[in-house]
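Undergrad: Sequence:
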Amino acid sequence: MSEKKVSVLILTYNNEYLLGNLLDSIKNKTIYPNYEVYVIDNASTDGTKRLIKNNYSWVKYIRNKENLGFVRGYNTIYKNIQTDYYLTLNDDTLILTEGWISKLVGRMEKFKDLAAIYPVEIIPSEIGKLSKKENKIKKIKEFLVDELKRYEDWANNKSKQIIIHGELIEGPAILYKAEIIKQTKLFEPILSPFYYEDTDLGLKILRRGYYTALDPNVFVIHFHSVMMQKKFKAYQRRLQIGRNRIILGLLHRKPIDLINQLIFEFKTILFELFKLKINIFESYKYYLYILKNFGRILRARKFRNFLLENTKNEKYYKNYGIKNLSFIFKAKNKRNKSLDRFLKEKNKVLKSTLE
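Mind the numbering: the sequence shown is residues 6 to 360 in the working numbering, read in order.
Everything labelled a hint here was simulated from the structure, so no lab data went into it.
A virtual CB, placed ideally from N, CA and C, is assigned to each residue, including glycine.
Mixed in with the good hints, there may be bad ones.
[Claimed, not checked] If you anchor each label on the Cβ, the simulated ranges turn out as follows:
no., residue 1, residue 2, range
1, 293, 54, 34 to 42 Å
2, 62, 10, 14 to 22 Å
3, 55, 316, 43 to 51 Å
4, 298, 67, 34 to 42 Å
[Stated by the list, open to error] Simulated crosslink set (EDC-like; lysine to aspartate or glutamate; CA at most 20 Å straight-line):
no., residue 1, residue 2
5, 32, 21
6, 10, 184
7, 259, 184
8, 272, 287
9, 115, 277
10, 190, 175
11, 297, 270
12, 54, 71
13, 10, 103
14, 34, 118
15, 54, 41
16, 282, 262
17, 10, 118
18, 238, 287
19, 115, 184
20, 238, 184
21, 10, 89
22, 317, 8
23, 307, 277
24, 187, 118
25, 117, 71
26, 9, 118
27, 70, 118
28, 317, 126
29, 32, 103
30, 108, 118
31, 34, 8
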């Protein structure tokens, strides 16, 4: 029997120096026989097109006429791809685990109600230095080959076949069952351009009666801080997070819980204005967006209620969805403590290599 098809979707914008490293890591770490890689270019002005054409003939390159952002960039392509699995992958990522696709697909095939699975995300604590010295990427890659093996061994010894159920989706690499995503739809356009779109999708999956999971035996490294700092100012990221956190609550929370959240959000806005000195007009634009799109938000909420009313098994949403929503709005870490300690130790080792 042939292996099921996996379509790797990489959305990129002006990130050729990290994109090349990602594609190399995919080629070197993948043993799965039936996969394809799409690079969706959001109208980059750097050498991304030339990079793909000259060095990666096996990659399917699609160029958008304009920068559609994260959410719209993915939404415009996934419906047109016939596949068994979608694997969304950030362009500022490196694959660490040999046979990573095979391992993730193996888990998905084993658990029929599993809709999405993602690996452990490693964010180097000192990775911001890469924005000035890009050649340090090579140094990190060499380090990962030699040193991170012991952490993978540790995870394998500790977890064996353990899979952590009920987590909301998070991270730069996520494998989805295509048949389920066609039921829930992928990312919510109202949350464009970014932030909480993956959380919302995880909640839609839970409402439908499926669940998501973290596989602690597969690892990727994510240079998140570099790319976000290059593209957006700190206050823009903060306002975007606040805006989409409110929208997420409007999409999923009960009215009584929304009141508590809005009190929290009001305090947050006051903190931004008076403590962080964020320009009131900048803040106003972000929150005015919610009022302008309130009708769309209500229609999207109705669709999520429809998913729950027609769910296969609502216990997943009740057990995990509501619990994780409370974590989001209390600003608590969703990962379990043992995994936190594990990732913290890895960041210490990575930090020492960059000093």
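Undergrad: Now tell me if each hint is right for this structure.
TA: Evaluated hints:
1. At roughly 36 Å, the beta-carbon separation of residue 293 and residue 54 lies within the given 34 to 42 Å, and the hint holds.
2. Checked against the hint of 14 to 22 Å, the C-beta distance between residue 62 and residue 10 comes to roughly 20 Å, which is consistent with it.
3. Taking the beta carbon of each, residue 55 and residue 316 are about 48 Å apart, inside 43 to 51 Å as hinted.
4. Under the hint 34 to 42 Å, the C-beta atoms of residue 298 and residue 67, about 28 Å apart, miss the expected range.
5. Between the alpha carbons of residue 32 and residue 21 the distance comes to roughly 17 Å, so the proposed pair stays at or under 20 Å and holds.
6. Between the alpha carbons of residue 10 and residue 184 the distance comes to roughly 12 Å, so the proposed pair stays at or under 20 Å and holds.
7. A distance of roughly 29 Å separates the Cα atoms of residue 259 and residue 184; the hinted pair therefore is violated under the 20 Å criterion.
8. Of the supplied pair hints, the one linking residue 272 and residue 287 holds, its CA atoms being roughly 17 Å apart against a limit of 20 Å.
9. A C-alpha spacing of about 47 Å is found between residue 115 and residue 277, which places the hinted pair above 20 Å, so the restraint is violated.
10. Distance check on the hinted pair: residue 190 and residue 175 sit about 17 Å apart at the alpha-carbon level, within 20 Å; holds.
11. Our distance criterion of 20 Å between C-alpha atoms is met by residue 297 and residue 270, whose separation comes to about 18 Å.
12. Proximity of residue 54 to residue 71 is assessed by CA-CA distance (about 14 Å); at most 20 Å being required, the pair is judged to hold.
13. Proposed proximity of residue 10 and residue 103 is supported: the alpha carbons are some 19 Å apart, at most 20 Å.
14. A hinted pair counts as satisfied when its Cα atoms are at most 20 Å apart, and residue 34 with residue 118 does not qualify at roughly 27 Å.
15. This hinted pair checks out: residue 54 and residue 41 have alpha carbons roughly 18 Å apart, not beyond 20 Å.
16. Pair hint residue 282 plus residue 262 does not hold up; C-alpha atoms about 29 Å apart against a cutoff of 20 Å.
17. In summary, the hint linking residue 10 to residue 118 is supported, as the alpha carbons are separated by about 18 Å, within the 20 Å threshold.
18. With a C-alpha separation of about 12 Å, the suggested pairing of residue 238 with residue 287 holds against the 20 Å cut-off.
19. For the given pair, residue 115 sits about 16 Å from residue 184 by alpha-carbon distance, which is consistent with the 20 Å threshold.
20. Using a Cα cut-off of 20 Å, the hinted pair residue 238 and residue 184 is violated, with the two alpha carbons roughly 38 Å apart.
21. The straight-line distance between the Cα atoms of residue 10 and residue 89 is roughly 5 Å, inside the 20 Å bound, and the hint therefore holds.
22. As the CA atoms of residue 317 and residue 8 are separated by approximately 27 Å, the hinted pair breaks the 20 Å bound.
23. For a cut-off of 20 Å, the pair hint linking residue 307 to residue 277 is broken: about 32 Å separates their Cα positions.
24. A distance of roughly 15 Å separates the Cα atoms of residue 187 and residue 118; the hinted pair therefore holds under the 20 Å criterion.
25. For the given pair, residue 117 sits about 38 Å from residue 71 by alpha-carbon distance, which is inconsistent with the 20 Å threshold.
26. Proximity of residue 9 to residue 118 is assessed by CA-CA distance (about 17 Å); at most 20 Å being required, the pair is judged to hold.
27. The straight-line distance between the Cα atoms of residue 70 and residue 118 is roughly 38 Å, outside the 20 Å bound, and the hint therefore fails.
28. Taken as a hint, the residue 317 and residue 126 pair is broken in the structure, with Cα atoms around 30 Å apart against an allowance of 20 Å.
29. Proposed proximity of residue 32 and residue 103 is supported: the alpha carbons are some 10 Å apart, at most 20 Å.
30. Using a Cα cut-off of 20 Å, the hinted pair residue 108 and residue 118 holds, with the two alpha carbons roughly 17 Å apart.
31. With a C-alpha separation of about 17 Å, the suggested pair residue 34 and residue 8 falls inside the 20 Å cut-off, and the hint holds.
In summary, the structure is inconsistent with hints 4, 7, 9, 14, 16, 20, 22, 23, 25, 27 and 28 from the numbered list given earlier, while agreeing with the others.
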